[in-house]
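Dock chain to chain to rebuild the complex, using the hints, since each chain is given by itself in its own frame.
Residues per chain are reported as follows:
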Amino acid sequence: MSAEPGAATIEARGLTRKFGAHTAVKGIDLELKRGEVLGFLGPNGAGKTTTMQMLTGNLAPTGGAINICGIDLLEAPVAAKARIGYLPEHPPLYREFTVDEYLLLAAKLHRVPRARCREAVETSKRRCGLANSGAKLLGTLSRGFQQRVGIAQAIVHSPDVVILDEPTVGLDPHQIREIRSLIRELGGKHSVILSTHILPEVEAVCDRVQILHHGSLVYGDTIAALKRSRGGSAVLLGLQRAPSLDTLAAIPGIAQVHAVSPVLFRVDFHPHDDATERLAAQAAKNDWGLFQISPVHTSLEDVFVQLTRHEEVD
Amino acid sequence: MIFTIAGKELKALFASPLAWVVLTFMQVLLAYSFLRRLDDFLQIQPRLIRMASPPGVTELVVAPTFATAAAILLFAVPLLGMRLIAEERRNQTMVFLMSAPVSVTEIVLGKFVGLFAFLMLIIGLVTAMPLALGGGTALDYGLLASVALGLSLLAAAFAAASLYVSSLTAHPLVAAIGAFGVLLAMLLMGETAGDSLRARNWPVPAALIQVFSPLKNFEPLAKGVIDTYAVICLLLLAATLLALTIRELDGRRLKG
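The listed protein sequences derive, respectively, from chains C and U. With the working numbering, letter number 8 in the first sequence gets 14, and the count goes up by one each step, no holes. With the working numbering, letter number 95 in the second sequence gets 290, and the count goes up by one each step, no holes.
The set of hints was computed from the structure by calculation and includes no laboratory data. Be a bit skeptical, because a hint or two may be false.
What the hints assert, rightly or not - Distance ranges between label pairs, derived from CB positions:
no. : chain 1 : residue 1 : chain 2 : residue 2 : range
1   : U       : 421       : C       : 17        : 55 to 61 Å
2   : C       : 140       : U       : 300       : 46 to 52 Å
3   : C       : 37        : U       : 213       : 45 to 51 Å
4   : U       : 388       : C       : 69        : 33 to 39 Å
5   : C       : 17        : U       : 363       : 43 to 49 Å
6   : C       : 203       : U       : 386       : 57 to 63 Å
To be verified - Distance condition first, Cα-Cα at most 27 Å in a straight line; then the derived BS3-like pairs of lysine-lysine:
no. : chain 1 : residue 1 : chain 2 : residue 2
7   : C       : 24        : U       : 450
8   : U       : 418       : C       : 32
9   : U       : 206       : C       : 142
10  : C       : 39        : C       : 291
Glycine is no exception: its CB is placed at the ideal position from the N, C-alpha and C atoms.
So that you can see chain U by itself, here it is in the shape it has in the complex (with noise of 0.2 Å):
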């Protein structure tokens, strides 16, 4: 039933120009800053060749180009999850889902899933760049493995937070901007409060907000380094925004 649904919201997306807008405006974008950066590379390699160790380009052009992926995900999620459940209260749909005999839980995961299954697709077009160098040079598959990983969990918690918002209004657009807001909020929080608590040495609250930030647990993984309590922490988030949506939908049965 999730793979129904989820397949359901796949149609629906490509049957709608945006998704087609947004992924042509993606790898126009990351097409062009990979091949600048590969430029720069080709420039400095000469320079790069006298060092003791010098950075490959899988750590120069590879993870920059994700790191930037990360970036532009974070207004296209939210303008591609936008209209995941907006769009089906506005238009009367839901109650097409929820007469079926699906539970909400499994409502909740196909929309998540099918639009997880088209980020995947994006991911998939970004990682595909590098490993076309493969042919001609010895790339880094360990550190590409990480960020690619890292840039599907952030995809995933994105994915999520886009969801939860969607199912609190019946307009699209305020969804869209709405949950722009709560990533936005929730990297600055990561940036500052996370920090700031580290330096006044305390552990636990900036490990429990951690949990919020999800560019912050990014990070390691762009490095390479599969730090699992980032990890973790990416797909708590994650999980706890599809609890929240459920918990939202089904709260909606009960108060009419």
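Extracted from the complex, chain C is given alone in its bound form (with noise of 0.2 Å):
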């Protein structure tokens, strides 16, 4: 069912959740494409690890509904489920099993045919880097391998959706760089949601940003549209024999300057107008000694503080 790319395997309208008089989740629309890695920031406390607990059918909603490849979660929950593969917070494993037996157990309950169940505990061993740990004990195992056991889980039955809060936390950079592949990797096949703190990662790996704040969705972009915004907004620029800060604000489509030291300059331009030639044409012209000039990014870190910041503020 739904197996062409494009479809939405995650369609979630109006998900709100309260806990007594306090509202965790104000009325969050989501939805995830096949295909999709999606990256899902927010600040501690803004309700992420609640909506993914929603969207898992770990916890239910006080409003909204939940489709997971066109299946209503809260009517047809276990039909629902079996497309899901979650990996929580804290990867939940049984300390006295060993990892063959545990994804075993993982893979029946998900319900993958009885036949098939040893095959897929090797396939999805052998992508999470587990080929060889089969007979270990989960409770003698290392945080790191903890966590590629909790990735392996969630996606044993080949799910459609995977959900991942937090998977990189407490790995190493080699384990972060192949977790990052990894999560690459199922994006091609399964739909991916990754919850995280870390804001590269979600450059690196992801399609599309959502950022929560306060129970509500305050930024939801592609990355691609995030990196072509970039660039040409501002430029940092070094001049030997600097003019004064008001000639410099002179030149036509510059909005601002900040002098960062003597010689080093941030240039903010005019949106959509981009005039670092005619910066360096200028510079020229009157020889002021240029010798960088190099646009600045607005990062995903950038756009992420100043929409959370504010209101930590007040």
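Below, the structure written as structure tokens:
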């Protein structure tokens, strides 16, 4: 069902969750297409985990609807859950089980046909770099390996949607790279929701990003759009013999000039008006001693901080 | 799915030293009490022969051994069942089951079946001891079946109670003590409240309270009387407690 690419695998409308008088999630809309990796961002306590718990059927929403591949999660939870793989913040591992036993249990519980269970376990082990760890007890594994087992149990039944809550916490840089490439790979066949605090991670692996703040979505765009909007908005300018700031600011298209140091300036352009060329021409003509001109990136981090900061102040 | 979860619970039980300790302890204790009674029986046997219709070995040795087993289960089941849900909540592993495509009912029944299967193993070992006498003497197999049925039903009710209490807390030890308290309370209720209600000739409340007094319901079965009301009471108690557990876990998903 709905195997064609581009079909929505998750569709949530007006998702709301209240805990007593406190509203943790306020009417979120969320849509995920097959083959897409969605970065789900937000400061601590923004409602990310609550949202993920609702999407995976661990928590009943106070309001709103969730459709997983066209199946209503609230009306047919069993059918819908079979299409989801979930790695919670804290990997739910039974310490007294071996990796093989645990993954086999996960496969059976997720209704993988009995004859294909072994094969499914082997595949997910190979994908998560656990091929040689099958006989190890979960309780004796290092944090990084436990995390891998957590991911392996989420993908063992080859679900349409994989939901990962901070999958790279506690991993070393090598493991983080491996997990990231795994997530990219998963994005090819499945859709992935990735919740994280690590912003470069989102830029590295996600197609789309949504930022959650105080229970509401405050930003949602593709990473490609974010990258397009980068550059052309500001440059860092290095001049050996700098003129006065006013002279610089007088160049057409320039909105603002800050002196970072006596020879370095941050020059902000008017939106959609890249004045880099004019700036360079002026510098050459007036012999300002131009030695550096580099675009300042609006990173995801800037967006994130801007959107989620102001309310902390008041 | 129920049996997959039951298998997981059994595996977890056998992976912990607790199950082995309980098995050993029960077996040693029951074997001792069985052999002691058998010894006593052999000593009084010459006098029994002179009686008109003398009680047999099943009545004098086997049934009391099962009664001892029932008393030990009162302590053992809360210990064996304490981890079922409390530990999953403590280790945050409940989400593994809750995110899987299984209903809460299947989870609860699976856990119950897992624990009950373990208890059936204990009961099997208890039953094996008197069966070993079958080669040498005539056993009252009807009485043996009745008392084994009684003990199984009692174990089911105890297991359901300890599963329910385990769903109320995230601390296994609290669950064990709580379950023991609940079982003890039911036992006292059956003994005192049931009797005094019957004495005052209030049969309906007495019959109702009998549902919640598992040991009282075990008594007729231990005597070889298959009292259907007692059997129904034991089944009803187990079913009620399982339903409460399902309700509790479902409520947790709603409340958060």
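Look at the Cβ atoms of residue 37(C) and residue 213(U) and judge whether their distance stays inside 45 to 51 Å.
Because 48 Å falls inside the window, the suggested range holds.
Cβ distance range 43 to 49 Å for residue 17(C) and residue 363(U), holds or violated:
Because 36 Å falls outside the window, the suggested range is violated.
Agreement of residue 206(U) and residue 142(C) with the hint, judged by alpha carbon distance not exceeding 27 Å:
holds (16 Å)
Given the range 33 to 39 Å, decide if the beta-carbon distance of residue 388(U) to residue 69(C) lies inside it.
Since the Cβ atoms of residue 388(U) and residue 69(C) sit about 46 Å apart, the hinted range of 33 to 39 Å is violated.
Given the hint of 46 to 52 Å, is the C-beta distance from residue 140(C) to residue 300(U) inside that range or not?
Violated, at about 32 Å.
Hint consistency between residue 418(U) and residue 32(C) [alpha-carbon to alpha-carbon, up to 27 Å]
violated (63 Å)
Mind checking the alpha carbons of residue 39(C) and residue 291(C) for me, to see if they're no more than 27 Å apart?
violated (52 Å)
Taking only the CA atoms, is the gap from residue 24(C) to residue 450(U) under or equal to 27 Å?
holds (9 Å)
Hint says 55 to 61 Å; check whether the CB-CB distance for residue 421(U) and residue 17(C) agrees.
Holds, since residue 421(U) and residue 17(C) (Cβ atoms, about 57 Å apart) stay within the stated range.
Using the beta carbons of residue 203(C) and residue 386(U), state whether their distance is inside 57 to 63 Å or not.
Holds, at about 59 Å.
Going down the numbered hints, you'll see the structure goes against 2, 4, 5, 8, 10, while the others check out.
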